[in-house]
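Trainee: Residues per chain are reported as follows:
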Amino acid sequence: MDMSLVLDGLVKRFGAITALDGISFEVPRGQVFGFLGANGAGKTTTMRIVLDILRPDAGTATWAGTPTTDVPRETWGYLPEERGLYPRLQVLEQLVFFASLYGIPRDVAAARGREWLARFRIPDYEKRRAEELSKGNQQKVQLIAAILHEPVVLLMDEPFVGLDPVNVALLKEAFEEMRGRGTTLVFSTHQMEMVEELCESVALIDRGRLVLGGSIRDVKRSTGRQVVRLALDGSSVDGAGVADAPAWLASMPGVRVSRPGHDYVELAVDHGVDPEIVLRAALEHGERVTNFLIADPSIEEIFIERVGRPPSEDHHLAATEASAATPPSGSAPPAARPPEVAA
Amino acid sequence: MTAGQGAGDGPRSGYAARTMPNITTVARREFMSRARTRTFRITTILLVIAGVGLALAPILFQWLEGESRGDRVEVFLGDINPPPNVDVVTALSQILNANAGSPIPLPGQGGDSAPKFDVSSTDDLDAARRHVVDGSSIAVLALGRSPGAGDLKYDLYSKDSALSRKVQLIRQAAISITIQDRLTRAGVSPIDQARLFTPPEFSLLPADPNAKPGLNPAEDPTAFLVGFGLSIAIFMAIILYGQWIAYSVAEEKNSRVMEIVLAAATPFQLLAGKVVGVGALAILQYVIVAIPMILAIVFQGQISSLILGGAGALGGGGAEGGGAASAGIQFTTIVAFGVLFVLGFATYACLYAGAASLVSRQEEINQIVAPLTFVSVAGYLVATYAGTGLIPIDSPVVIVLSFVPLFSPYLMLTRLSLGTAGPVDFAIAVLLLLIAIPAVLWLAARLYRSGVLMYGQSPSARTLWRALRAD
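Chains as they are written, first to last, in the numbering used here: chain S, 7 to 349; chain B, 43 to 513.
Simulated from the structure, these hints should not be mistaken for laboratory data. C-beta atoms are modelled at their ideal positions from N, C-alpha and C, and glycine is treated no differently. Worth double-checking, as some hints may not be accurate.
Pulled a few chain S residues facing chain B out of the computed Cβ check, cut under 10 Å [stated by the list, open to error]:
{"hint": "1", "residue": "I59"}
{"hint": "2", "residue": "T74"}
{"hint": "3", "residue": "D76"}
{"hint": "4", "residue": "V77"}
{"hint": "5", "residue": "P86"}
{"hint": "6", "residue": "E87"}
{"hint": "7", "residue": "L95"}
{"hint": "8", "residue": "L107"}
{"hint": "9", "residue": "G109"}
{"hint": "10", "residue": "E137"}
{"hint": "11", "residue": "A151"}
{"hint": "12", "residue": "A152"}
The shape of chain B in the complex, shown without the other chains:
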């Protein structure tokens, strides 16, 4: 079928001259009439707020928690003699609040993470114990020296059990402080101590020498995040904007305006115009939502220090993750995403339009598009499972589906971002989509042609079959 021909059999030169102008005219109306609605503006504003909110969630979460610096732990040093060689309060705070990784606080490391523990010293053990009882602090750590070796010894007063995570952490911190204390007493200088605790080189390698790298998403969380995020973007576009197209078709049919339009334009022109118009608006809304969101992610560090102040600034995992995610999105991934987004959306949009042309009332839309939504959800879920490792990314099902047009937008993207698919795989998937789109357009235009003049019939397999056969 060439552009300008309808769904029918014979050539229709009466329409040919107006194919592009009519697609443009229909697309323009579709775009403008939708962009001007209050619903569109409100949705866009809400999506921008939600997008930025999502990007800044960790900071906002922390900010909402307000001044609370975490669980209070009080340290009671009493008349300890000789006093510890370590600033116990600072060391404890650093160790407790440090990232998992280094068990020992080293100069310049840790301490800039979100404080989970608020460590302070106290001179009144009884008062501190009462704080634990009334819940205003979680524990009191009382230090002393054992009579023999003069090692530090600790009494922890807490309502938590010995096995609780907090108690475990405090215990681990106490061990570290003790070792530091011992080293200092043994005359090891702080610089030597730092060298002692420098982590060794340590690499993780696959046991199977033939295994492809990057198969385990846990090894490349950035790639996983990128693939996951982009899959969500395609999924949302298809569900949300596919619905728009379905509603637009039903509205034209409901208001009976369809017949006038069909006298002037072919179902193909109408359909293509709708997909282009709504698609353009979808991309516009996406860009409007994505730009502030990406900016929020990129400048997460700055925003964090602005809101929370220098000391409480969100660093570590959050900023690293954000920075890595934005840095991790490569140009090729963006291009692949763009291509799959447009082609995937076009495929689904045509089918949504064709399906919606079969129903008479807007209430019936959900019923008729349900199978399409189901396929879309399935593709998205398989992509998510494959991305998170619930389904092996190199399983035959995932590989085969990543070429099947209705699934490929999700799965090929996931495979690409995890590095298990190359340019050739991508090209094949795109080629198959490009072959599928005219077929889908033909199918949809055919449904459309007979569907749009069909009123009052329940959407059933029989209706569908008749619509496809009808001329």
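Bound conformation, chain S alone:
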């Protein structure tokens, strides 16, 4: 039996707005899966459908061949984008409460809760009320609440947002450990470096549609482009401190400068063009090459190429939007937002 999370043709409409427009992809079991998309792309709605918090208008979500609605609840762990705890309940009691909902005995839950609080370096907070905690610490408590019952699949909406570098490192460590135990980790993020670092597979959605998906390697290959980083000794530097790309580079067919930089220039090499021609041309032009690297395009570049704007910029934009307007039905952000809003 196929032991993966399969989404097939998910459609979800909120009134006139289509939040999901036929999303299909597969999360292999035991992998760390990055779920990418601009705010309002439909990530949260997709997660809510998998968890049966929302029902799709069409399509199915299955885990190991079983509809996700019929999978025992304790299979899932969920860290929603909207962080929330009972404000007046003590930290450990919250943890025990959430674990109890998944059938974990109270004493076991308390012991595990203390263990995790210690791991996240907040052992003294077990008797504190949630409302007394900082946002970052609340988020850690909430993450513990999501994993205390040791779910098979952990769905997390922007788990890294709002954490300082120390806590990001702690969280990554926890990810690695859970992955080692065979937990399937699905998380959405705007931080593409996290995707590069942690994920084996990704799905990129935009305005309710899947743009691309699959293993990181396949996704990178799918662009048909390669990236060349070229550093030349003695490049002239202009007034802005940016190295001028040598004139001969601009005349090369199938090669263009994607990012001029201090130390090196980054070149996008079209599909079918051998990146080595750049090195040969450099040598022919008598340049001293200090660094030459052939790489796949970064996920961030692919994101920009496919969605038309960088994820970080979109995040900022969407955040201001979210505070200004709410969708007319359901809290899922409008996916079919007019393009000019985000442009």
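Take the given structure of chain S and dock chain B to it, following the hints.
Mentor: For chain B alone, kept in the frame of chain S given last:
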């Protein structure tokens, strides 16, 4: 819909195994987190004090009035000859302070009621008259004998008019004393006098031979009191604890904790857990408040004599009413009350939860639950009016409404306690409630499911409609 299924369409076996455990878990959290708040403790203590205070109100009222024995009336006998055959001061005091009923003081009757008049004798008519003028007494009654028949005659000095109730009472007392005086002078022994004044048998029967007994609440004040009290108990529980549930839902929604909970439990489980948890706490608080109150009512007589002392002890109406009320609550009424309380509360609680799930801020709760509160108040008022006879208890409106689920907890209880509804009526009302509760749960769970993830929208009919249609 079976337990374990959500508000949606398809089966959701993923939740089924955890229906009861999750209801228990949610109920436990709801119960504990609320029971531990300072607000709950303070409210409970205040309610206990208020309950006992209410039960002992007549005694406390009297006690607070302190040593004042009532309005002072002075009696001036002067050189009356022959002296009256009656101890005028005692007789007057007894008659004035006796319960309405017997116009004549008989040995052993009256006099133990709350004294409204403080009767004393005086030798100085002028001083006594000055007391009336300065307000320290209300009247001076000066006795004499009429020259002819030798009958007693009275002069009353007072600032009150001849038509005032106090003057009327004193006048009536004077007549009684005169009759006693005449009888004694005519040689009738005190025992014969007592027999003379024994009230006759007197019964009140309905003119219409087909009329059902007990239709007039005035005829059965105990039944009325019981029905009225129990209706208030249900009404307060629904308004007070329904609000608790509404606030609890809004708090979860406000703190955004809802989404995590909904990933683990169905709206049905959450809703049922809340109703059970808050309901259990409500019953606990009720019991805590009711026990001292009932004890206070039952031992009203003893408490009264303890506080006020033997002579001033509250008897008559108060103790009788209290005793009768406690004795009058029959086991069947208690059972009916328990059943209607639980079912009525559950119905309203589900609706309160469903309604509250539609709003985003706690300030909006009152607005969204207003229609429910209105229905609740309406049911309670109709029950009260029917109980007091403002609306005939056997009017078709009352009878029909006493079966309608949102009204039946109030009206069926009133009809039962007044004896105009039988076990069959009660069973039908309970059956209808039992049918209504799953429907209400379904409706509430459906509202809940789409409502809890809805933020920033004003509660309107359109929102409601959309929430109901949404999947």
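Trainee: Which of the listed hints are not met by the structure?
Mentor: none
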